[in-house]
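Engineer: Sequence:
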Amino acid sequence: MPVRAVSFIAKSGTGKTTLLEKVILELKSRGYLVGAVKHDAHSFDIDHPGKDSHRLTAAGADTMVISSSEKLALVKKHQSPPSLEEIIETYFNDVDIVLTEGFKRGAMPKIEVHRRQRSKTLLCRGEKYDPTLVAVASDEALILDVPVFDLDDPVGVADFIEQAFLSANKKVRGRRASAAH
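Numbering (full-length UniProt numbering), first residue to last: 1 to 181.
No wet-lab data here; the hints were simulated from the structure. This one's a predicted model, so the numbers in the text were calculated from it and none came from an experiment. A hint or two may mislead.
[What the hints assert, rightly or not] Straight-line Cα separation of at most 27 Å, DSS-like style, residue types lysine-lysine; simulated pairs:
{"#": "1", "residue 1": "128", "residue 2": "11"}
{"#": "2", "residue 1": "22", "residue 2": "104"}
{"#": "3", "residue 1": "71", "residue 2": "51"}
Using the sequences plus the hints, can you model the full thing?
Structural biologist: Take a look at the structure:
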């Protein structure tokens, strides 16, 4: 069964991360296992000079994992960037849903975050029509062909995600599946 995923998209500074944090907290409170992927248009480095993990990567390790009793981090060099679908398929088979931040050009279902002060038009219903748009969270009333939620309503957004992407899956993975037994 494929992992369900939804991309939160918007122009920078609109409030994607803030809304996404609140939606993750809400879905977690309902017992779902939630994955997250953040798109970074720039090069980033989670390793820090002087740390053993950085030294191993700098020495040429193509894949390096640092692991503790609570979590792990993976640094993997690649020749060409993997698609979002490949990332989800490879690393997120143990969660109920993956919420991504960014990936506005991707093919995943999208929830656009809109703030009137930041932009007069939507990315997915402006100059171009993106058929993958499934909802909008906005600080202004909009009449669209998809549901529109208040930007400050993470519970409503989580309800929508649960109904549209999780309730069709009667036997979800994670704690909900084990709680049913």
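Engineer: Tell me, in ascending order, the numbers of any earlier hints that this structure violates.
Structural biologist: none
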